[in-house]
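A.B. asks: Next come the chains, spelled out residue by residue.
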Amino acid sequence: MRLELRSLCKTYRGQVALDSLTLDTGEVKALAIIGPSGGGKSTLLRIIGGLERPDFGAVRLNGKEVEYDQPNLIQYRRGIGTVFQAFNLFSHLNALRNITLPLEKVHGYSPSEAEHWARELLRHFHLEEHALKKPAELSGGQRQRVAIVRAISIKPKVLLFDEPTSALDPEMSAEVLELISQLKNEGRDIVIVTHEMGFARAAADQVVFLANGAIVEHGVAEQVFSRPSHPITRTFLSRVTRFQAPV
Amino acid sequence: MYRRLWRGFTPRATTASGSPPRKTWIYLALMLTLTGFRVGCNSQDVRVVPLIVGMELAYPPFEMTDSNGSPTGVSVDLAHALGAYLNRPVRIENIPFDGLIPALKTGKIDLIISSMTATPQRRQSIDFSDPYLKTGLCLLVGVHSNIHSISDADRKGKSVAVKKGTTGHGYAAAHIRNATVLVLDKETACVLEVVQGKADAFIYDQMSVYKNWRRYPDHTVALLEPFQEESWAIGLRKGTERLRTQANRFLVHFRETGGFDRLADKYLHEQKEAFRRMGYPFYF
Amino acid sequence: MSNRERLLVRLFLLEYERNDTTPSLAVRSVNLVLAFLFMVSLFYFAFSRVAYHWAWGSVGRYWPMFVKGWCVTVLVSLAALATSAFLGVFLALVQRSRILALRYLSKLIVELIRGTPLLVQILIFFYIVAEAFQIRNRYLVGILILSIFSAAYICEIVRGGIESVGKSQIDSARAIGFTHRQIYRYVVFPQAIRQILPALAGQFVSLIKDSSLLSIISISEFTLNAQEVNAFTYSAFESYIPLAVGYLILTLPISLWSRRLERKFAYET
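Residue numbers (this note's numbering), protein chains in the order written: chain A, 1 to 247; chain B, 1001 to 1284; chain C, 2001 to 2269.
Treat the hints with caution; some may be incorrect.
[As the list claims (entries may be wrong)] Per the computed footprint, the stretches of chain B lying under chain C, defined by three or more beta-carbons under 8 Å from a beta-carbon of chain C, are:
hint : region
1    : 1074-1087
2    : 1119-1125
3    : 1160-1170
4    : 1211-1222
Keep in mind the hints are simulated off the structure, nothing from the lab.
For each residue, glycine too, the CB sits at the ideal point set by N, CA and C.
Could you build the full structure based on these sequences and the hints that come with them?
C.D. replies: If you want it as structure tokens, here you go:
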């Protein structure tokens, strides 16, 4: 995928969330967005996903400009798979139905096609035994994984992850990150906002460091992590990786 | 063990210092309610005990309230005169009409002086003094109702309003077969329904029909010829023979000393004149 | 503590120390009977102090009136429930409309109705409004008044239910690419219903009880019929106790069902 941002601005209630962001990733498979809390990462991801409208500026995905008005916006959203930090799944439906409902109502699958495809995906990711359970009956990790299955079931252009493991304990985090890693290896396009520096370093091709609504640094993941050029990046990374074992 | 049961009353979460005051209050409350039950059974000198008279203050000019909200009217004056005669202070209790007999039966009031007719059904529940006023049931009809008598009113498609618990209600229940009977709790509601045409007729006593007709002359017609005669009396609880004898003696005394004439002049002057002109006997 | 003490404690008290064990069915029934007996003896004590002689026979003659009145109450309540459910949902949706004036209009109506007594509304509606519009059938007017009254409360219940659906659920639905209508249909309403149904059942119970006020415009429902029997027989208790029982027959099952609904939906979140 190729992601371009042109002077992207967003303000919330007088606070500047994104300050005239400009970016061109070129051809990239996995992009990680890192940075301190409140830096604008989630906002950026939501704008890329079509969930928020920028106040100014433009977003271009794979050469095509994102149009933020109806009905184009809904069409655009339907081509993107998004996974949030929590509460992705609809709590009144079981896992299978959570996946088949969008397939049927948004993408026009017939009920049998939808179920077949959903079951196949669940099987592929070793979740088929949870197919008929409601979200309340699943663990946090299982819920996130089902949410990821739902996101990929629609065969999206891009997968967006907004801190998918932040609400999980280390063990569940690991199983989710493993899945994301698997997706990346299967060749899907991914943009992930995360605090998991180790994962970002290992799985991402490029990384963007966002702080105070501005892109402080952007580059090849390995380079940014091992030799950050900006002092802010350096401070942030050293603080965040202080208690981590060296990769 | 009893300590354990007692402590079961309050959740474990209370502190040790918190429990005792709560227990004392519970004890006190229990004691007070138990002693409270014993109050009220006195045997004082009957003369000093007030005479509680029940009436519904919604029936001018017999039972009504003045601009200050105090009871006034024929029945109120009658009650006070009775009290003076018996040398007992009088307290008026304002009770809805169909609640008067239950109140009398349970002892909340001692007498009913509320323009109540002595009917055989009522006599099954309570006693009555000798009658003090004769009147009759008649009709207040709407101008467009095309009704000229009670038999006219009892036709299919017609509706007859009555006030709940009155002899009009009793008559309607017993005799009205074809028309719809609308039972309402207030005289004013019944009159309003006739005025608005929602009801064709209202069965009530002559004086009130006359008075309401005078208030809405353009919308109503008063058919004052009574189709059922009634007499009003004072209601008493069964078994209070002594009070009944006293009341009867009072009524005789009151009539002989011109008390009723004074009341008629004070409250019913207009009716007295009108009825005299129309040739209906005036009834005390 | 001796064994006897232990037994008494287990029979009559709820153990707070041990981990939340529900007492056996036998213990629960014994204590329920105890509570019931206490209530009965309280009533008995109250009545015995009043030198009342009971006349069930004279009231018993009028049983057709009780039955007829009860049926009218049931019918009026059902009609009002159906109408008010529609109206209530409509009002709730209008409150979320994009046209600001409509939103305010709905809020105004709801506040007005919730803030005034039903008795006042019945009198104003029947003697003034219905008169102005020349609506003559008092049963229709009665059902209408009751429906509008109940609709205001249902509107609040529905609104609360809709707003209780987490924003993240709606975000999820938006990210999937559901249209506005689809979000309501597949995500918001199914979840809101779980909140709304138990409260709605409670509102139905209130409606049945509130229908007794329609007696003042001479709608021949249960309460009015009981009052008439009282007027004929002068036996207030014998007329009104069956009245209370008759309402309980209607309201108790609904209350119990509502509680079952609450428990059923609680497990799902």
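A.B. asks: All hints are to be evaluated individually against the structure, with a verdict given for each.
C.D. replies: Hints, one by one, checked against the model:
no., hint, verdict
1, 1074-1087, "violated (count 0)"
2, 1119-1125, "holds (count 4)"
3, 1160-1170, "holds (count 5)"
4, 1211-1222, "violated (count 0)"
Of the numbered hints stated above, those contradicted by the structure are hints 1, 4, listed in ascending order.
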